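Asker: This is what each chain is made of:
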Amino acid sequence: MKGLKLSRVLTYVGAVLMALWILVPIWLIAVSAFSTRQGIFDFPKALLPNPFSADTMSFFLGATNVLPSAGRSVVVAIITIVISSVIGAPAGYALARFNFRGRDVFRLVIVSTRAFPIVILSIPIAVAYIQLGINDNVFSLALMHCALALPFTVLVTSSVFAGVPRDLEEAAETLGCSPLQAFMRVVLPLALPGLAAATLFTFVLSWNEVFASVILTSRNRTLPALLVAQLDESPLNYKYAGGFFLLAPSMVFMLFIRKYLFTLWGRVSR
Amino acid sequence: MAEIQLNHIIKSYGKARATNDVSLTIKDKEFMVLLGPSGCGKTTLLRAIAGLEAIDSGTVTIGGRDVTNVPPRFRDIAMVFQSYAVFPHLTVWDNIAFGLRMKKLPDTEVKKRVEMSAEMLRITDYLQRFPAQLSGGQRQRVAVARALAMPSGVLLMGEPLSNLDALLRLDMRAELKKLLRDAGATTVYVTHDQVEALSLGDRIAVMKQGVILQCDSPLRVYDHPVDKFVGGFIGNPPMNFLRAAGLAAIGLIAPPGYDLVGIRAENLDSFTSPMSGALEASILVVEPLGSHNLITAKVGDEFIKVNTRAELMPEPGSKLWLKPMPDKVRWLK
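Sequences listed follow chains A and B, in order.
Per my numbering, the first sequence starts with residue 1, numbered consecutively.
Per my numbering, the second sequence starts with residue 271, numbered consecutively.
These are calculated hints, taken from the structure and not from any lab test.
In this text, all values refer to a predicted model and were calculated from it rather than measured experimentally.
The reader is advised that the hints may include incorrect statements.
Here are the simulated lysine to any residue pairs, SDA-like style, with alpha carbons at most 20 Å apart [as the list claims (entries may be wrong)]:
#1 B:K374 <-> A:F100
#2 B:K285 <-> A:F100
#3 B:K447 <-> B:P421
#4 B:K575 <-> B:L512
#5 B:K373 <-> A:R185
So the derived label-pair ranges between C-beta atoms look like this [stated by the list, open to error]:
#6 B:R399 <-> A:Q181: 49 to 55 Å
#7 A:L4 <-> B:E389: 55 to 61 Å
#8 B:D298 <-> A:I78: 57 to 63 Å
Quick reminder that beta carbons are idealized off the backbone N, C-alpha and C, glycines included.
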């Protein structure tokens with residue numbers, strides 16, 4: 001009884017530490033991004049920015065190249081979403097519905113592609129891109145982001161589709177639907193919230209991706225690549241504002257898609 | 271006309287045969303119950319008729335047309351699923367109309383059929399609701415209404431009542447029986463509940479391990495089981511089985527080749543004093559059930575269950591003399 005209690009306390013201590021590990025930097029960035037130029041150097045920090053000021057953010061957004069880069073980031077993310085959904089969602093559906101030989105191996109292979117560090121792959125990829133003449137271009141960067149996003153797209157959509165009972169599809173087929181009609185009229189409407197979540201996840205992944213963006217672009221930088229490139233020469237308030245700007249969409253999206261990420265390895269119907 | 275013919279249906283999952291060379295003819299407008307324990311192949315057979323399961327070999331014929339390789343939507347069937355499979359994103363109205371619209375019936379016909387089958391199942395008040403706003407029993411009604419609305423000659427039902435609680439199941443069973451008789455479709459009904467099978471079916475096909483052991487009217491299946499499994503599976507309590515040799519003493523001689531006797535609990539006359547032609551039994555348990563008492567007793571080293579009239583209330587440990595009704599004794603191999 002006592003041992004159980006102690007392990008429970010330790011679990012909570014661990015959880016709190018991990019939460020702080022994530023939340024303190026976020027808090028630091030958020031507070032600083034909305035402080036005045038002087039307020040950034042205040043110590044100890046107030047819990048909320050005091051006085052609240054949008055100066056830092058507007059200074060950042062007004063800086064050269066920031067808005068065009070942000071625009072490119074959005075374009076790259078959208079192309080990534082389109083391509084990875086078109087390729088990934090059918091794979092996810094197949095994983096969820098069909099009990100084919102080697103399914104578990106396939107699943108594992110998908111995950112293991114994430115085990116190859118992009119850092120190691122980046123040089124050969126950059127060389128290949130330059131040889132093909134497709135470097136420094138939003139479309140080819142989106143292609144790279146697709147490669148990074150696909151494993152997640154496949155796994156998340158497969159858990160989404162697995163959440164739609166097979167019976168519903170079969171019922172539709174007995175009621176006069178072809179398999180495609182059953183998918184369009186029954187499965188898709190029910191899977192839509194989950195698919196939207198998968199889409200948001202892909203957006204965040206592309207929006208935050210730094211390394212491939214730095215390697216593969218030079219003049220047409222995405223926002224994270226731009227910020228990294230200017231890291232050494234930019235003032236502190238610019239860094240905080242940039243950090244917050246990159247962080248904000250992910251934070252909002254994570255709230256929406258949390259429950260789908262939890263079911264990433266969710267049940268798979270027969 | 272929607273006669274269903276199953277010819278030598280074989281379906282394997284890996285090494286296991288879910289149905290092992292099953293042949294069955296279900297007559298037009300007949301109510302056929304497929305009964306058996308889980309894993310006996312009854313659901314596989316139903317899904318083979320629906321076209322949801324590709325069979326390894328054999329043919330399925332509906333209304334004289336070979337539909338073995340025809341997809342479900344062209345098979346002239348409607349189906350009710352155990353999980354109800356009501357579409358959660360559609361209202362009850364749209365659920366019932368779903369199949370009719372897929373069949374491109376004119377709007378007036380769709381409306382007429384939806385309203386008719388909603389009325390039959392008494393869900394007219396819920397037509398504009400979504401399934402999430404309904405109870406399990408109401409969803410079940412929607413599922414049945416959706417199937418009955420379809421202009422199909424064959425109605426397939428896969429354990430439709432097994433997710434309902436006991437009381438609701440009893441009500442729904444009686445209601446289904448009336449509805450389905452009125453609907454006049456050829457019905458194939460899968461269940462593992464022998465009471466459901468007895469109460470609903472024109473005929474019952476008892477299945478075990480992928481084969482049909484017996485296919486007969488409910489009374490015949492109950493009264494004349496072909497083997498120990500059927501007798502034990504149908505009826506509550508299950509049929510009693512005694513070694514045939516033990517009955518020679520009371521003048522019941524087994525025909526050659528039969529070594530088992532089956533006798534139902536209600537087919538034994540019980541006496542509290544010795545009788546000629548009666549087996550001596552020692553009482554183990556007495557369960558008063560209101561209308562009658564169920565007594566578990568031991569004859570020699572074999573257990574036997576007996577129904578006695580409610581007034582007869584012997585003490586456990588005392589003796590009882592049991593006389594099998596001669597015309598109810600079933601000799602089995």
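Asker: If you test the structure against every hint from before, which numbers come out violated?
Answerer: Those not satisfied are hints 1 and 6.
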